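Going line by line, the protein sequences match chains A and B. Quick note: the first sequence, position 99, residue 99 per my numbering, numbers continuous. All you need for my numbering is the position in the second sequence, starting with 1, plus 1000.
Don't take each hint at face value.
As the list claims (entries may be wrong) - In silico DMTMM-like pairs for lysine to aspartate or glutamate, Cα to Cα no more than 20 Å straight-line:
1) B:1018 - B:1033
2) B:1030 - B:1159
3) A:17 - B:1191
4) A:17 - B:1029
5) A:73 - A:104
6) A:17 - B:1140
7) B:1044 - B:1140
8) A:17 - B:1047
9) B:1046 - A:44
10) B:1160 - A:98
11) B:1030 - A:11
12) A:17 - B:1032
13) B:1025 - B:1159
14) B:1046 - B:1169
15) A:17 - B:1169
16) B:1046 - A:22
17) B:1028 - A:98
18) B:1014 - B:1178
19) A:3 - B:1073
20) A:3 - B:1159
21) B:1030 - B:1143
22) B:1160 - A:104
23) B:1106 - A:22
24) A:17 - B:1178
25) B:1044 - A:58
26) B:1202 - B:1191
27) A:17 - A:58
For the record, the hints were derived by calculation from the structure and aren't laboratory data. These numbers come from a predicted model, not from an experiment.
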Amino acid sequence: MLKIAVIGGRETVMGFKALGLETRPAANADEARRILHTLARSEEDYAIIYVEETFAADGDMAREIARYKDLPKPAVILIPGREGPLGLGQQALQEAVERAVGSDIL
Amino acid sequence: MAITPTRMVLNQLKGRLKTATRGHKLLKDKRDELMRQFMDVIRKNKELRARVEQGLTEAFSALTVASAIMSPEMLEQSLLYPRQSVELGMRFQNIMSVNVPVYSFKTRSEDSADIFSYGFAQTSGELDDALTRLGEVFQDMLELAQVEKTMQMLAQEIEKTRRRVNALEYVMIPEMQENIKYISMKLEENENSTKVRLMKVKEMVLQKAHNFQY
């Protein structure tokens, strides 16, 4: 059976636990990156990993996320944290468009 | 240019040019169709992302209120043992030879209200509210995951196809045409020089035989 994980701040992650998702609290971007790395490589199948946007602003973390872009599994999806949307999710969309079309047409 | 100007190479090149032209046309069609699909996915993704971001913001603000009312230990304890669990299934759908995931999910209990892992007596109503909203937005989050992955996979494939189309159109095909031209010119030149040589020989032979003069 495939799994869904949520990586984020302790507070963010708390609510998702009640929904039955696997939650991995992280204190900072570095820790989040390590968790993502382990999850993506683990024996168990994680199909979707939600990552709090706040962590994805970090350069190393962004690179780690980009590594999974071309693989069918896992899907690493950014979600807004407690502070509200930072626009990084939208940015991912723009990047995809730019990659496909060659220029930003939106 | 490292090609031998022979008839065999010429024929080979002509064959390759034909294949390349046909490949170019096919790839171009593929790119256009992928692009069309991609645009649909983009539109959907935009919409879903906006919905998820709004829904999560609402859910989190409700959770913040709940955590203001309840003590942190209490809150954590309430959510410690989830009653709900999610089973995720995945299969692949083929869009223009790109395998994109399609998720299907099943919750352990059918009742969507059955997410409260705590008694209602000692927790605040805001927590219930926050969890209900989170449960609602989760449906969209799942779809977002699917759409976003599809978008990424399509973007990758489009990039690849676009490069191939461009390489064929601007490098391979012109190069082959150039080579074909070069060979046919060279062959013609050879032919001409052979003809001239033959004429000259004929003249010499004739002269030798009966002192023929033009």
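Do the hints match the structure? See the list:
1. Among the hinted pairs, residue 1018 of chain B with residue 1033 of chain B is inconsistent with the structure: their alpha-carbon atoms are about 23 Å apart, more than 20 Å.
2. For the given pair, residue 1030 of chain B sits about 12 Å from residue 1159 of chain B by alpha-carbon distance, which is consistent with the 20 Å threshold.
3. As the CA atoms of residue 17 of chain A and residue 1191 of chain B are separated by approximately 83 Å, the hinted pair breaks the 20 Å bound.
4. Taking the CA atoms of residue 17 of chain A and residue 1029 of chain B, the gap is near 46 Å; set against the 20 Å cutoff, the hint is violated.
5. Note on residue 73 of chain A and residue 104 of chain A: the hinted pairing is violated, with a Cα-Cα distance of about 26 Å set against a maximum of 20 Å.
6. Pair hint residue 17 of chain A plus residue 1140 of chain B holds up; C-alpha atoms about 17 Å apart against a cutoff of 20 Å.
7. This hinted pair checks out: residue 1044 of chain B and residue 1140 of chain B have alpha carbons roughly 11 Å apart, not beyond 20 Å.
8. Between residue 17 of chain A and residue 1047 of chain B, the direct Cα distance comes to roughly 26 Å. Violation of the 20 Å bound is thereby established for this hinted pair.
9. For a cut-off of 20 Å, the pair hint linking residue 1046 of chain B to residue 44 of chain A is broken: about 31 Å separates their Cα positions.
10. Taking the CA atoms of residue 1160 of chain B and residue 98 of chain A, the gap is about 13 Å. The hint holds against a cut of 20 Å.
11. A hinted pair counts as satisfied when its Cα atoms are at most 20 Å apart, and residue 1030 of chain B with residue 11 of chain A does not qualify at roughly 46 Å.
12. Restraint check for residue 17 of chain A and residue 1032 of chain B: not satisfied, since their Cα atoms lie roughly 43 Å apart, outside the 20 Å limit.
13. Between the alpha carbons of residue 1025 of chain B and residue 1159 of chain B the distance comes to roughly 17 Å, so the proposed pair stays at or under 20 Å and holds.
14. Restraint check for residue 1046 of chain B and residue 1169 of chain B: the C-alpha separation of about 33 Å exceeds 20 Å, so the hint is violated.
15. The suggested pairing of residue 17 of chain A with residue 1169 of chain B is violated, with an alpha-carbon distance near 53 Å, which exceeds 20 Å.
16. With a C-alpha separation of about 26 Å, the suggested pair residue 1046 of chain B and residue 22 of chain A falls outside the 20 Å cut-off, and the hint is violated.
17. Between residue 1028 of chain B and residue 98 of chain A the CA atoms are separated by roughly 19 Å; this keeps the pair inside 20 Å, and the hint holds.
18. Distance hint between residue 1014 of chain B and residue 1178 of chain B is fulfilled; the C-alpha atoms sit about 11 Å from each other, no more than 20 Å.
19. With a C-alpha separation of about 28 Å, the suggested pair residue 3 of chain A and residue 1073 of chain B falls outside the 20 Å cut-off, and the hint is violated.
20. The suggested pairing of residue 3 of chain A with residue 1159 of chain B is violated, with an alpha-carbon distance near 30 Å, which exceeds 20 Å.
21. Distance check on the hinted pair: residue 1030 of chain B and residue 1143 of chain B sit about 26 Å apart at the alpha-carbon level, beyond 20 Å; violated.
22. Among the hinted pairs, residue 1160 of chain B with residue 104 of chain A is consistent with the structure: their alpha-carbon atoms are about 17 Å apart, no more than 20 Å.
23. Taking the CA atoms of residue 1106 of chain B and residue 22 of chain A, the gap is about 15 Å. The hint holds against a cut of 20 Å.
24. About 65 Å separates the Cα atoms of residue 17 of chain A and residue 1178 of chain B, which puts this hinted pair outside 20 Å; it is violated.
25. In summary, the hint linking residue 1044 of chain B to residue 58 of chain A is not supported, as the alpha carbons are separated by about 27 Å, beyond the 20 Å threshold.
26. With a C-alpha separation of about 16 Å, the suggested pairing of residue 1202 of chain B with residue 1191 of chain B holds against the 20 Å cut-off.
27. Of the pairs offered as hints, the one joining residue 17 of chain A and residue 58 of chain A is violated, with about 25 Å between alpha carbons and a cut-off of 20 Å exceeded.
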